[in-house]
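Asker: Respectively, the protein sequence lines represent chains V and E.
Under this note's numbering, residues 4 to 747 are what the first sequence spells out, in order.
Under this note's numbering, residues 1429 to 1647 are what the second sequence spells out, in order.
Just so you know, these hints were derived from the structure itself, not from any lab.
Hints should not be assumed to be uniformly reliable.
[As the list claims (entries may be wrong)] With a straight-line cut-off of 30 Å between C-alpha atoms, the simulated DSS-like cross-links for lysine-lysine are: (1) V/Lys581 - V/Lys674; (2) V/Lys151 - E/Lys1528; (3) V/Lys388 - V/Lys402; (4) V/Lys339 - E/Lys1447; (5) V/Lys581 - E/Lys1552; (6) V/Lys339 - V/Lys252; (7) V/Lys364 - V/Lys206; (8) V/Lys383 - V/Lys206; (9) E/Lys1447 - V/Lys197; (10) V/Lys455 - V/Lys364; (11) E/Lys1449 - V/Lys252; (12) V/Lys219 - V/Lys151; (13) V/Lys63 - V/Lys383; (14) V/Lys197 - V/Lys339; (15) V/Lys691 - V/Lys635; (16) V/Lys63 - V/Lys388; (17) E/Lys1552 - V/Lys339; (18) V/Lys691 - E/Lys1552; (19) E/Lys1528 - V/Lys252; (20) E/Lys1552 - V/Lys425; (21) E/Lys1528 - V/Lys339; (22) E/Lys1633 - V/Lys252; (23) V/Lys455 - E/Lys1443; (24) V/Lys151 - E/Lys1552; (25) V/Lys383 - E/Lys1552; (26) E/Lys1443 - V/Lys402; (27) V/Lys206 - E/Lys1447; (28) V/Lys388 - V/Lys551; (29) V/Lys383 - V/Lys56; (30) V/Lys553 - V/Lys197.
These numbers come from a predicted model, not from an experiment.
Each chain is listed here by its residues.
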Amino acid sequence: MHAVEPQVTVEIAQQLGLTPDEFQRIQQIMGRIPNFTELSIFSVMWSEHCSYKNSILWLKTLPREGERLLVGAGEENAGLVDIGNGLACAFKIESHNHPSAIEPYQGAATGVGGIHRDIFTMGARPIAALNSLRFGNPELNHTRQLVKGVVHGIGDYGNCFGVPTVGGEVYFYDCYNQNILVNAMSAGIVEVGKTVSAIAEGKGNPVFIVGSATGKDGIHGATFASADLTEDSAEDLPSVQVGDPFQEKLLLEASLEAIQTGAVVGMQDMGAAGITCSTSEMSAKGGVGMRIDLSLVPTRQSNMRPFEILLSESQERMLIVGKKGQEQLLLDVFEKWDLQCAQIGEVIDGGRLEFYYEGEKVADVPAESLVLGGGAPVYKRDYTKPAYLDEIEKFSLSKIPVPLNYEATARQLLTSPNLVSKRWVYEQYDSMVRTNSMSTNAPSDAAIVRVKNTNTALALTTDCNSAYVYADPYIGAMIAVAEAARNIVCSGGQPVAITNCLNFGNPYNPEVYWQFVHAIKGMGEACRRFDTPVTGGNVSFYNQTVLKDKTEPVYPTPTIGMLGVLDDASLVMTLSFKSAGAQIYMIGTPSNDLGSSEYFRHVHGIVYSPAPHFDLNEEYQVQQVIAALISKQYIDSAHDVSEGGLFLALLESAMAGGLGFDIETDANFRKDAYLFGESQSRIVVSVKPENEDELVNHLNANNVSFTRLGEVIAHQIIIDEENFGTLTSWQEHYHNFLGSMMSH
Amino acid sequence: MMHVIGQVMQQEVTKLWHKDKSLAGFDTGDCIVLPGGFSYGDYLRAGAIARFSPIMQAVIDFANSGGYVWGICNGFQILCESGLLPGVLLRNQNQQFICKNVFLRVETTHSPITSHTTPGQVLKIPIAHAEGRYHTDEATLRQLIDNDQVLFRYCTPQGEVTEAANPNGALDHIAGICNAQRNVFGMMPHPERCSEGALGNTDGKVLFESLLQASAVTL
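Okay, chain E solo, but in the shape it has when bound (with noise of 0.2 Å):
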């Protein structure tokens, strides 16, 4: 993620410790990333103590404040730990760790990592995780489709949704939403893996050609 965001992307990159209690310095035209790996080591559930790092307040205020937030694999499950996204990642329906190219539908260009691209793009991104099943409530699920707030659905490379290409049986084959103001992102699948040429792939780029604008707009 550094090196996607340093060195294709030359942005300044700047790592927080998690034990920092503050973001002073960060402004809205930045965005904070919580990038993927294992945190504490989740043995617990992906995501669980992380919640409780000392940064996480500060990442929760600047949120509020209206800040960019983006989680990434497990970003995503911090910030839905967190509360900042609505629902969980439980784990796989085959119950085992899933590392592989996936097929996602870009669902909605109205969001700072997807305003790039076009509706209904098809990106090949891979995923790497045992915990990704996307699950929340009827409600929550009603809310998340009226407000456009779904980002991306697995789909097959047609661009079709359907059973077969949902790799962890994700509800709705949801694969990455935002909040209600749109500006926290989560996404399972791991753009920075492929936003280069030297990895056989660039389907990802477009998310932080996406927020780079965004960044931009807001300063």
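Same shape as in the complex, but just chain V (with noise of 0.2 Å):
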């Protein structure tokens, strides 16, 4: 017995997240009013989430061409990345953010695994998994039962999947308070001329649906994904999925098995809009069609609707094109692994999609006229200048007063959960898991993962400062691709390529397009400046949270992943001050500059002030040189200038090392400014004094400015001969301050 679905017409489309002009346009392409189960293909599809209606104009701005890239943006399910010796790199990073909202231990969960196997059907082993979130302000109860829970989520499923979660990012803002953000990002290894493409090719080809059995979880996720966060979302709980790392680590092995046997066509995940999204994407990008049987697919409840079956957002499943005849050798490898291997259907000429269910054909659509790139809309929209923006202009410095205890303030600043220690967050997260990880026991400012049986490192590493991004999304989203590349830098890396997520509110509000459309000509002329080609990622939009009175979109977040190599992983720099005595400078220009900085905010409530200075040219200068002192092997360590300033990051450096610092500030500057500035292409490195005239000499030849500010020593922090205290009681406070937020 079949339910009788809904009567289709221009109100169900609009519940189901169309446009009347869409739904105009769905009839057109299909010549004829399509029934209820093409009308929830077309909704999915040409959602925003699947789409990129409102983002791929400006997205095809980005540079996404680069000598080591080995396919372009967009092509396949990840960017891939020549690293040498034969290998190369498919590294990724998606949202989570609404599931997250709503269900924080699922949600985070699954956009672990989403973000996996959108990197293992590529034939890439993953190696490393990072992350990068937003909250709400920590002091509300609802900000800590979402940190908790996301962190949870997390940790188990990346645990128990065995990848280690190598890096990332957390950041409080009261602009979260509703809408966390929550970006996973995972890179892994395959080598070159062997991964597997999104393709579905050759009539009368097997295609099989893998893993898990298909739930009604999920359905309408995409379109859930593609809308305002509401005070009623909590009722959109079927829209979250339910993860089972177990089951993803089996569909791991089973499906680079199967590739192994040379009888796999083509391989997909199932993540948004499953098997709708997986055939019609496959189909398009093969030119081809498929004739799908849903009620071959193993379901894990029954009188589960076509609909439902085509739409579900169920985990853990992937869909595989095998080569006609070798079916067996597939169905042998996924028995071994105990994994359901169902043949659903088989591909067609035609390019069209038909789904039967019990005989009946239950929808038939042309896929082309589904997917990015073909049939699915495309919309230019208009922007104008926040008006938030004015106030920022408005800011001026002088009236800003000075700090009279430095030592308190410095204190005071520590009490921000975005400067201290994420350890509480961290340690809940297997870092070291399959033994590759070499920033355990010596930090660097990015994540060093090595890579067996090479010389080869890769360097990896998130960062967006949204802040920054809010006060001006074009530098700010400059900054966030320069601080990427400086974390790499600074690690003994070369930047190759980026991923990026960008998190914003609505598109069809003004105000929040201009934010998307500057922070992507801000991002692209970094990416340029640093040949650092954009490999794909995702957009992010509607984060933003209505109330009964406003709506308040989240600060823009356009969160840059950035991979880089080391060709030679012994020549890893490392942030920790090594030995006291070693001399301390700064390199880059320090300024009275306390634009959008932490201690703004958090020591003096500021919320509207400009971006810190960044100069693109005068960055990429410093990090040539930086790279450069890092192979000639004269420094110590290195650790960038970011939030909490020059201050926080010798502190950092000093912790790391177990080590204090006695420095001298510059009196040609406000001495706020100088230690908790924010201002850009700032990086501390230490020196043997035997090194230092090499150092010196280095630096002047290269013509950058750079300053001599003191000496490590033990055990104490001065600064201007004051004495800030023992480092134990910085440690002490920094490591533990945020575990003791989230245990109230």
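Reconstruct the complex from the two isolated chains, following the hints.
Answerer: As structure tokens, then:
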């Protein structure tokens, strides 16, 4: 017995998230009114999440080519970069914001699962995970529950799956009180030429669904991700998927083994929009169609309706197109790993997707009409400069008082959850499994992961200070790219490519779209400067909370996930001070700049101030110099100045080395700006006295601005001859503050 | 684990499939290692399902005939669940997964994996578990102590056994034990994660070196 599907009308289309215009267009494509199942297919495929309809025009302006890129941006499930030794790295970042806001544990867990599948569906074995998280005010119980749930979810999934979580970032700003951001990144390794494409080819080739059975979880998840989060969103709970990391582990091993058999034509994981998305994208890519019998899909429950099977976002599933005649090879592999592998259809000519259920054709749509680059709509949106930027332009530094007691101010600054150690978070993640993490015992600005059986290591980082992007989307996005590159360079790596996760508000809000456009422009310019093309990623719009009296977009948050390569892993640079007596230098230019600093926010309560000083060419030059200093082995440590300013950079190098420092500030600058300002393109290095001349000569020869700050000493923190206390007193607070906050 | 035994220690290492039922071809010069991980997802209680893996009966027989069996993390949990080692591993006291470097004090050198250490030697070895709080009844604990079966206790970097240095609330700070016959040993910390210079810590390597010598002696 089939339940009766609703009569398709424009109202139904709108309920599924389509506009009246889009509904009109669908009827033109179909040459008739689609049935409910077909309409559902269009609604998910044309959702923002799958179609990029409001972003693709601008995404195409980003640099997408580079020497090392083995596939172009958006061509496959993840970017693929040559890392030498006949190996490639597949990597990508993706958001799982709305599910995590509603059900933090499963939302975050399945975000991790989804991004790993994007990597191993290409035939690459994931070796490292990172995540970039944004939460609201941690004083709120609601926030703390979200933090605990998300961290627990990421930990449980990643730990069980057996891939280390090696890095990431966590920020707390009020704008994320309702709509948190959970961006997960994965990087995997594959032999060049051994990847698998997400393509369907060859009439008559069998189509398999493998992995978990299909249930009712996550139906219309993609549509859900493409609408504003409202107070009623918790009622959308069935839109959130449930993860099973052990199943994912089996799926990983079985998928890689299946590829080895040579019987795989193409493979795509099922994430958003499940069977619908994988069948249509694989078919469109190969210029073919598929005939699929939905009654052959293993389901978790009886009486699932065809559209539910099509749209289910049940996790840990893959669609595989196999080679006709070699079906048994695939069946044997999945049998070995105790996974279901069901042939549900075959590849057909003609480019149409024909879905059957119990002998009846339930949907018949052209694959090409559904996908990005094919028939999916593309919109050009208007934008206007946001009004709040006027507030920022009015800002004047001269009105801000300077501190009376710098030690007290520094200690107050370190009660910002954005500045203290995220130990409480990262100790819940297995950061070492697979024994490749080189940063466990010797931290660097980026996470360093060796590639076994080579001299190569990967340097990975995620970066975005969204407060900067809020203050100036163009400069802020440039800084996000620059900081990622800086972190990699300070670790001894060469920046190679990025993946991005573009978290913004509602694109139909012209002010939000202005942020988006300017962030893309800034990102593009910075990526061109550092020669780090964009390999892919995802766009997450609608990150805003609709409250009773107003709409509150999140800060524009274009998270950058950057991959760097160290051809010689032994030249890794770490951030810790190594020995008392070493000299401390700052490379780069100090300035009277406190714009958008955590000091302003946390100590002075100033939200509207300009982005910190940033000049792209200056940044590039500083990075080139640092790279040279590292390869010449002149310096002992390198650590970039970021949130918390010079003071925190020094303190972090000191704590990592178990040593103190004695430095002097420069009376030509406001002391608070000198210590706590976040002016960009500055790096703290330490150097053994015997290498000091070479360092200084090199810096002079390269015409780079630098300052000798002081020296590394034992245990004490001394600034301008004032004793700021013992290292231990800072260390204990720094490491334990967030944990004690969370235990409230 | 495969990497450390094979590449670092340069030993022959063979993967065993959990569905196999036989350990034919292995003898007392070999060591069966049950490495870390999440067997069957460990959604129930860590190791509770893995003990029923077809291969486990062969492992139990191998142990009972005197062969070396070493369980690390999940492997330790499985050995306890299958009765090859006494006690259980409970959820960590803070109810969270914990991944970090901890310090272990070698409590006895009279075991195949500690023979190359010195009594009281402190090793920095990471843990990564949610269920690592060793527990047993009082009589068993007494036996473990009397028979010198406690291999490692959690300690400070200076080797003091204190509450603060106990990461998971383990009974009597126990991090690793062996059976009365001293051929089966289990530990929560991961020595294979700190046996190479490239990873910045080689404190775990001495356990593999100890085992190699022990295996050589019995050959």
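Asker: Could you run down the list of hints and mark each one as holding or not?
Answerer: How the hints compare with the structure:
1. V/Lys581 - V/Lys674: Cα-Cα ~27 Å, so holds.
2. V/Lys151 - E/Lys1528: With Cα atoms ~19 Å apart, V/Lys151 and E/Lys1528 stay inside 30 Å; holds.
3. V/Lys388 - V/Lys402: Measuring from Cα to Cα gives roughly 26 Å; hence the hint holds.
4. V/Lys339 - E/Lys1447: holds (9 Å)
5. V/Lys581 - E/Lys1552: holds (20 Å)
6. V/Lys339 - V/Lys252: holds (13 Å)
7. V/Lys364 - V/Lys206: Roughly 20 Å between the alpha carbons, so the hint for V/Lys364 and V/Lys206 holds.
8. V/Lys383 - V/Lys206: Violated, at about 37 Å.
9. E/Lys1447 - V/Lys197: holds (29 Å)
10. V/Lys455 - V/Lys364: Outside the cut-off at roughly 51 Å; violated.
11. E/Lys1449 - V/Lys252: Answer holds: E/Lys1449 to V/Lys252 is near 23 Å, not above 30 Å.
12. V/Lys219 - V/Lys151: holds (26 Å)
13. V/Lys63 - V/Lys383: holds (13 Å)
14. V/Lys197 - V/Lys339: holds (22 Å)
15. V/Lys691 - V/Lys635: holds (14 Å)
16. V/Lys63 - V/Lys388: Holds, at about 22 Å.
17. E/Lys1552 - V/Lys339: violated (39 Å)
18. V/Lys691 - E/Lys1552: Satisfied, since the Cα-Cα distance of roughly 28 Å is no more than 30 Å.
19. E/Lys1528 - V/Lys252: Holds, at about 23 Å.
20. E/Lys1552 - V/Lys425: holds (22 Å)
21. E/Lys1528 - V/Lys339: Not satisfied, since the Cα-Cα distance of roughly 35 Å exceeds 30 Å.
22. E/Lys1633 - V/Lys252: Holds, at roughly 28 Å.
23. V/Lys455 - E/Lys1443: holds (18 Å)
24. V/Lys151 - E/Lys1552: Given that 30 Å is the threshold and the Cα spacing comes to 29 Å, the pair holds.
25. V/Lys383 - E/Lys1552: Judged against 30 Å, a Cα distance of about 58 Å means the pair is violated.
26. E/Lys1443 - V/Lys402: violated (69 Å)
27. V/Lys206 - E/Lys1447: Between V/Lys206 and E/Lys1447 the Cα gap is close to 37 Å, so the pair fails against 30 Å, i.e. violated.
28. V/Lys388 - V/Lys551: It holds: about 25 Å lies between the C-alpha atoms, which stays within 30 Å.
29. V/Lys383 - V/Lys56: holds (9 Å)
30. V/Lys553 - V/Lys197: violated (52 Å)
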